[in-house]
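Sequences are here, hints too, so could you generate the full structure?
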Amino acid sequence: MSSRGSEVLRRYEEVNEKIKRGDVVVLTADEYARLAEDKGWEKASREVDVVTTGTFGAMCSSGAFLNFGHTEPPMKMSRCWLNDVPAYKGLAAVDAYIGATAMSETRPFEYGGGHVIEDLVAGREIELRAEAYGTDCYPRRYLETSITIYDLNQAILVNPRNAYQRYNAATNSTDRILYTYMGTLLPYYGNVTFSGSGVLSPLYKDLYLETIGIGTRIFLGGAVGYVIGEGTQHNPSVGMSTLMVKGDLKAMNPRYLRGASIYRYGTSLYVGIGIAIPIINERVAKTAALRDEDIYTDILDYGVPSRSRPSVRRVSYAELKSGRVVINDRSVRVSPLSSIKMALEIAETLKKWIKEGIFYLSRPVELLPSDTILKPLEVRRKEPTVSEVMRRDIPTIRADEDLKNAARLLVYHGIDHLPVIDDYGRLIGIVTSWDIARAIAYGSMKLEEVMTRRVITATPYEPIHSVVAKMERYNISGLPVVDSENRVIGLITADDISRRFATRGVAP
Amino acid sequence: MRFKLTFPKELADKPVFSEAILRFRKLFNIIEADVDAEKGIIVASVDLSESELKDFIGFFEERGVRVELLMKLLEVDLERCISCGACISLCPVEAISVAGDWSVVFDEERCVACGLCVNACPMRALKLSIR
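Chains as they are written, first to last, in this note's numbering: chain G, 1023 to 1530; chain R, 244 to 374.
If you are wondering where the hints come from, they were derived from the structure by calculation, not from laboratory data. As the structure is a computational prediction, the values presented were derived from the model and not from experiment. Some clues are possibly wrong.
Stated by the list, open to error - Keeping only pairs whose Cα atoms sit at most 30 angstroms apart, straight-line, the calculated DSSO-like set for lysine-lysine is:
| hint | chain 1 | residue 1 | chain 2 | residue 2 |
| --- | --- | --- | --- | --- |
| 1 | R | 370 | G | 1343 |
| 2 | R | 247 | R | 269 |
| 3 | R | 247 | R | 282 |
| 4 | R | 282 | R | 257 |
| 5 | R | 370 | G | 1363 |
| 6 | R | 282 | G | 1343 |
| 7 | G | 1065 | G | 1343 |
| 8 | G | 1268 | G | 1426 |
| 9 | G | 1377 | G | 1065 |
| 10 | G | 1268 | G | 1061 |
| 11 | G | 1363 | R | 315 |
| 12 | G | 1397 | G | 1374 |
If you want it as structure tokens, here you go:
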């Protein structure tokens, strides 16, 4: 076995020599995958020097360093805003970092850092506002002016995490619409969304990162950019490697850098990235030939509000790109979130650049780590849970009992919520004092008719903030607490929670 | 054929639309209905011949209802659209699809103006012309 990055089939110098001579053979990744399927990867790898890839999707960990130049009198900006979007000012006097997900303070969710970057690249005028505390060397304390990208000394795109090797797909098992960074997810597995370009995916085509490393020259936002290292959350062991990239914003094209508003989630930036992969050895030749049919991901249930969401099923990019996916015997529609059309355009553009001899390949100065893992963030501060606040000695009732009895129990115990259980103590409904009032108003006397059957419940180890969120979302004031068998073990109400935190004098 | 009716507030308590249904004996599909302090609107579709259409418009105009024929319910800003497809799986009538070159295409004729795609568009490239 040759070592990672070994240039057995061809060396960078040979490829660049061919580019110079104008006889380099370049295919886009989808063309190369088809060729390898027809002729076999060995033959394809002998014929083809370079495979170009592309992706164009929302990449939230993106942003740009800007240097504004000095005013008269000068100013050490401590806070600044670009079109009302706050930029990070924990740097020197007139350096700032505008992040893609920072939102406008006047138009949140509609306009954000991603849009500022797009507007800058498009040459549009941007309102700059800054505050300072004023020093002897930097006396100015306030600034309002307008700038364009041409006024800036530097505008450098530096994205800490881009171009995920692959990403999970998303669906939603719950009974309500979810608005996520994976787009709008319809209830009851009503649709599936996915990201990434599959057969064109830059990091998947060089699966073991043999040609992509520090110093790799790439297509970034319509100009030449560079890989400057592994991205944050780089996780090669599970096929979720990432890149940190940089490029000169002044040379970029707004067609390939687009501000995005993701409904009820926030703002982001669509970034166009393309990487040219030289076929240097057999492993690269094989992984570059992977087809949509060979690339798999998981459809995760975003209805589970946890960092470890359960997988509903495995799915290939071929199935995702077909527009329909089968979930629980039902065919549902699929939305790509990254633009496959633009990804193709980027791979084609990069191919053209190489053929025309205006883009040369660079051997990485160092390969990216292949052994980093993704660690979670543990919450070490103790968070109050349901079991610490809930009431345990609560009355329950059977569905066939008299409504009057239910009313008596509510009054006797001074409560508003009465769980209805079956013979095994399992929750089957809930009756509230409001239900009793309604029963009297409409003349119904049967408990079964007035009880609510779809009950929102809590579990004993659930954090209180999660219960508060459920109370707000469903507009309810109490939840039965159930064990893993759905048996009622207590009740938690808004009153219980406020009493608990009022006496402690601490907010949850 | 789709149309938008705008009712002045004076007609708020008159069953004008029901009258039209009985008169023309056609199956109307109501796409949108809204009432505010000033007016009421109904957006609906129906199959009508040329001559029926003339009578139909006349019927409403006589009663003081403004009739607008709608060609498109959805306006697509092709400059902003990047063909990402975030909208595709949300459309209840499957009016949005992907062409062979991965362009997202809209069948505006089929649109029922639910608005799901409008909110889901990360580029804010979609707009309902009736809102």
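So, going through the hints one by one against the coordinates:
With a C-alpha separation of about 26 angstroms, the suggested pairing of residue 370(R) with residue 1343(G) holds against the 30 angstroms cut-off. Using a Cα cut-off of 30 angstroms, the hinted pair residue 247(R) and residue 269(R) holds, with the two alpha carbons roughly 16 angstroms apart. The hinted pair formed by residue 247(R) and residue 282(R) meets the criterion: a straight-line CA distance of about 13 angstroms does not exceed 30 angstroms. As the CA atoms of residue 282(R) and residue 257(R) are separated by approximately 13 angstroms, the hinted pair is consistent with the 30 angstroms bound.
Proposed proximity of residue 370(R) and residue 1363(G) is supported: the alpha carbons are some 22 angstroms apart, at most 30 angstroms. Between the alpha carbons of residue 282(R) and residue 1343(G) the distance comes to roughly 45 angstroms, so the proposed pair goes past 30 angstroms and is violated. Straight-line distance between C-alpha atoms of residue 1065(G) and residue 1343(G) comes to about 28 angstroms, which keeps the hinted pair within the 30 angstroms bound. A hinted pair counts as satisfied when its Cα atoms are at most 30 angstroms apart, and residue 1268(G) with residue 1426(G) does not qualify at roughly 71 angstroms.
Distance restraint check for residue 1377(G) and residue 1065(G): the Cα-Cα separation of roughly 21 angstroms lies within the 30 angstroms cut-off, and the hinted pair is therefore satisfied. A hinted pair counts as satisfied when its Cα atoms are at most 30 angstroms apart, and residue 1268(G) with residue 1061(G) does not qualify at roughly 37 angstroms. Proposed proximity of residue 1363(G) and residue 315(R) is supported: the alpha carbons are some 25 angstroms apart, at most 30 angstroms. Restraint check for residue 1397(G) and residue 1374(G): not satisfied, since their Cα atoms lie roughly 40 angstroms apart, outside the 30 angstroms limit.
Hints 6, 8, 10, 12 from the list above are not met by this structure, while the remaining hints are.
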